[in-house]
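Trainee: So the protein lines, in turn, are chains A and B. FYI, in my numbering the residues of the first sequence are 181 to 496. FYI, in my numbering the residues of the second sequence are 181 to 496.
No lab work stands behind these hints: they were computed from the structure. Careful, some of the hints might be misleading.
What the hints assert, rightly or not - Covered stretches of chain B (in silico footprint by chain A; criterion: 3 or more residues with CB under 8 Å from a CB of chain A, positions within the stretch not fixed):
id, segment
1, 368-374
2, 392-406
3, 449-459
4, 479-490
Since this is a predicted model, take the numbers as computed values, not measurements. C-beta: ideal position from N, C-alpha, C; glycine also.
There are 2 protein chains.
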Amino acid sequence: MSDLPKSAIIREEGPREGFQSEKEFVPTEDKLRLIRSLAETGLPEVQCVSFVNPKWVPNMADAEEVANAIERVPGVRYTGIWLNLKGFERALATPLDKHGTLQMSASETFSIRNSNRNNAETVEEQRRILDAYLANNVPVDRAYVMTAFGCNYEGEIAPETVRDRVAMILDIAAERDVKLNTMMLADTVGWANPEAISSVVGLIRERWPELQLGLHLHDTRGIAMANALRGLEMGVQVFDAACAGLGGCPFAGHKGAAGNICTEDLVFLCHELGIETGVDLDALIESARLAESILGRQLPGKIMHSGSLRQYRQAA
Amino acid sequence: MSDLPKSAIIREEGPREGFQSEKEFVPTEDKLRLIRSLAETGLPEVQCVSFVNPKWVPNMADAEEVANAIERVPGVRYTGIWLNLKGFERALATPLDKHGTLQMSASETFSIRNSNRNNAETVEEQRRILDAYLANNVPVDRAYVMTAFGCNYEGEIAPETVRDRVAMILDIAAERDVKLNTMMLADTVGWANPEAISSVVGLIRERWPELQLGLHLHDTRGIAMANALRGLEMGVQVFDAACAGLGGCPFAGHKGAAGNICTEDLVFLCHELGIETGVDLDALIESARLAESILGRQLPGKIMHSGSLRQYRQAA
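Bound conformation, chain A alone (with noise of 0.2 Å):
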């Protein structure tokens, strides 16, 4: 499989991912240990808090203060995410990396479900969004298309309508003269599978053949780490994970449904098909396990309950 990339860029969304959805409140230093444990593997970005309303997602009262309190690793970006203007000004005001991403849904009516707009309204609300983080000197390097594979509303999506929406976010950025490095397809609801991974995948590369493409892939279904496997081998080297697989998809009415694909077991699967990744497997499946001790309950993860191969591998 000459085609796997060398490397791989596995960012970490399990803090904020994992901890929104709790139904407990988790202690603001748990929050903090887990974040401080993941920066210490290698991973290039933790993703750590979601500005938005603590009445909607009480475990994110705490944002700033988290935000606020984080001991940086040097060379580890530290991240935030937002839904709107308000949210945006609030993370501005703590020493967060801050980075402006884009976004749309392929499928309309999950936008319109979602957010209340359709894609004229969600094109101009782009803009507005794109204007204050150049008022505010925030890079944007990256969008998320939604919905890249399929929406409950909309039942499959088609590779072309992915490539519009590729297109109508281009040039949102390219209309403020803004370049976007990396375009993220996002398998928001589970109906990713390996061919459609490469019929999208395919298709953009067709049309932008410089633009970085990476997956947000949801376990929603089982099947995330084929996926990934697929997306490997159609030389997607960005991956967006959650460690020990915490979080899930309330939002999509999927009860009990699993959350982003599992860290640890990703960086497993590339470093086992010799693509770097620059973590240290081992200290993840401690912050895996660190996760699991501070929920007190199990968590998805495989590895982390197994261990890596390396003890055999030295004993052999």
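Please build the complex by placing chain B on the supplied structure of chain A, with the hints as guidance.
Mentor: Chain B only, in chain A's frame:
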């Protein structure tokens, strides 16, 4: 991906694999309910029990009772396993579908540690077992190579070693004019990765193009579905699996480690890739949920918690 097979045979091991590792005794009636439910999904085979010493595996103490009480769904094979001739004799006395299986470990150290036999002694033992099968008119059509991708004692296993074991097994069969149809490559302790799958499957197929190959995958380190995908891409058409991801691998020293690849998640992957399995996925999801309700705790399967895509596709 034109090399994907048109169909796959997925053998269900959940009742045996899952219940044998439970600490609390699972009532016989519950075992029968799960077996019945699975048999109605279109699965071609349900492995129901293990004829082992109940002193070591208390949950299999009712193996005969289960085997005798099964109400058959036509066309389904109801099978059991055994570890020695004594277990085989117990199985013979039941109405289960008998099939003889030969097996060797690719790792001789694993064989010595787990069954106290080196390769030469294993060959002798397998000859005795084959003779017992033939003396009782039990068909022998399948064999397993255990630890085909790695071993906690020996580390990586060279594909050539697996080829040697396959040759030894085929020789044992050929001595008695037995033709083995299927050779199962077992990732007994979770060492497989997609490249290793390609190497081993490729080497065995090159030597014996007519031999049907199958994969027995454990999700010990979270990449079983990626391994299954690579297997399918290599044309592998036979898989062992356990509904709801039941089971585990306690004997290999992985406390809390994952069991077999999850049947319904694998069926979902196959169907999304256009590979027929003959299985009603929604019915199988109900079986997995039944397993969860019997054991009273969340099981690791994914699509059983999110549901299939059928309802969304119908509505879209």
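Trainee: Hint by hint, say whether it matches the structure.
Mentor: For each hint, the structure was consulted:
no., hint, verdict
1, 368-374, "holds (count 4)"
2, 392-406, "holds (count 8)"
3, 449-459, "holds (count 4)"
4, 479-490, "holds (count 9)"
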